[in-house]
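Protein sequence lines correspond, in order, to chains V and D.
In terms of numbering that gives the first Met the number 0, the first sequence has 15 at position 16, counting the first letter as 1, and numbering is strictly consecutive.
In terms of numbering that gives the first Met the number 0, the second sequence has 64 at position 65, counting the first letter as 1, and numbering is strictly consecutive.
Hints are not guaranteed to be accurate.
What the hints assert, rightly or not - The calculated SDA-like cross-link candidates involving lysine to any residue, where the alpha carbons are at most 25 Å apart (straight line), are:
#1 V:59 to D:85
#2 D:140 to V:7
#3 V:84 to D:87
#4 V:210 to V:232
#5 V:140 to D:63
#6 D:140 to V:49
#7 V:84 to D:84
#8 D:140 to V:44
#9 D:123 to V:232
#10 D:123 to V:84
Worth flagging that the hints you see were computed from the coordinates, not collected in a lab.
Just so it is clear, the structure is predicted and the values come from calculations on it, not from any experiment.
2 protein chains.
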Amino acid sequence: MAYEFYYWPTIQGRGEFVRLALEEAGADYIDAARESEGVAVMMRMMEHAAHPPFAPPFLKDGETIIAQTAAILLYLGARHDLAPKDPVAGLWTHQVQLTIADFVAEAHDTHHPIAVSLYYEDQKAEALRRSAEFRQNRIPKFLDWFETILARNPSGGAHLVGNGLTYADLSLFQVVEGLSYAFPKATKRALADAPHVAALREAVARRPRIKAYLASPRRIPFSEDGIFRHYPELDG
Amino acid sequence: MAYEFYYWPTIQGRGEFVRLALEEAGADYIDAARESEGVAVMMRMMEHAAHPPFAPPFLKDGETIIAQTAAILLYLGARHDLAPKDPVAGLWTHQVQLTIADFVAEAHDTHHPIAVSLYYEDQKAEALRRSAEFRQNRIPKFLDWFETILARNPSGGAHLVGNGLTYADLSLFQVVEGLSYAFPKATKRALADAPHVAALREAVARRPRIKAYLASPRRIPFSEDGIFRHYPELDG
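Chain V with its partners taken away, still in its complex shape (with noise of 0.2 Å):
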């Protein structure tokens, strides 16, 4: 049976993570929110699922409803081998991505520093300074621990885990392709000190499934809706 996957249909958003992973496994999948009455029926989930998702993306496998990205993706990884069957492996595997995902929060706090109720423009003088302290800080902190723990790994630096492919690569993939998009010219600063980071990102683009999967329009262009939102005045 095929899974049900649910998120905004117009956005990458968090649930990209998730559609990266469904690619690369080639899963029989289902982006039911960008079916017809796919959002009606998304809302109607989370509003009266036994186990209610605070928020999409959520995953459904016949009657089990998994919400929060992380969680969805370490179910993900163990039935598609997109993980390491070692448990202890494994967890360095999620801890990578949960790390990941505070990652990608504060991406988007830049844009939405006070109240994700209100517009960019209305919170556009905060996300100036901080998208600066992003920039400055932020962006070179997280990058130089994935470098870290690429040139780290004793399988060798092509992977953040092991010696093949995890989720957590995928979704490293597309950090810095969202950050490329929001932030090209920090983003391209920050990663000429971390070359193992490039490296992998220029691998992942290269896997069949994921170059077939960006050419095609399953993939929804990055936007101003999204997370990562390029606006000119917070690069620099």
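With the hints as your guide, set chain D onto chain V.
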């Protein structure tokens, strides 16, 4: 062999969610950074570990180091009967914990909406705006979600998951304690609409091991150095 737990020695912070689980489990642990030289050891481990933590807290169990609060609790929950054995219920518990983590991050950002590298006083104007949003929209939204989960639990509304205590219950207790310290007026109002959450908080506080812990010197007081800070101007 005792667990070695590492976190900043003078604040509750994110480490407190782990301390509460260790205490309720009656686990043998050392709060390692509170020993002499402990912080220096913690910093060296973050620098040199094969799997370096991005930030404290982290737990050392023999040769395994686990960071990220929710990942540590996932690990401890399975070993100390603080989570259901059933995989679907275990993943649901983790999902609740990840939503608590999101809530905690938002609580932190009320006093640091711009940069962790700046003092509160240097971002107070932004903190006033962000806290108003947090009080008016976010505290009610999160507490309503926890209230719904408790009310909808088929095993009764005493626990978030199933009919026994989980680490998620301990963490929700800590969040409500923290919010009540930081935003006493706003939290009192919100709890009036979340009777199951209020009852869970009281029930956790009465558990013998938690009660003994809270009365001990091991429980660090709340303060304006932690995640939950009481700045009266941010409450209302």
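Verification of the supplied hints:
no.	hint	verdict
1	V:59 to D:85	holds, 18 Å
2	D:140 to V:7	holds, 19 Å
3	V:84 to D:87	holds, 18 Å
4	V:210 to V:232	violated, 31 Å
5	V:140 to D:63	holds, 24 Å
6	D:140 to V:49	holds, 18 Å
7	V:84 to D:84	holds, 19 Å
8	D:140 to V:44	holds, 17 Å
9	D:123 to V:232	holds, 23 Å
10	D:123 to V:84	violated, 47 Å
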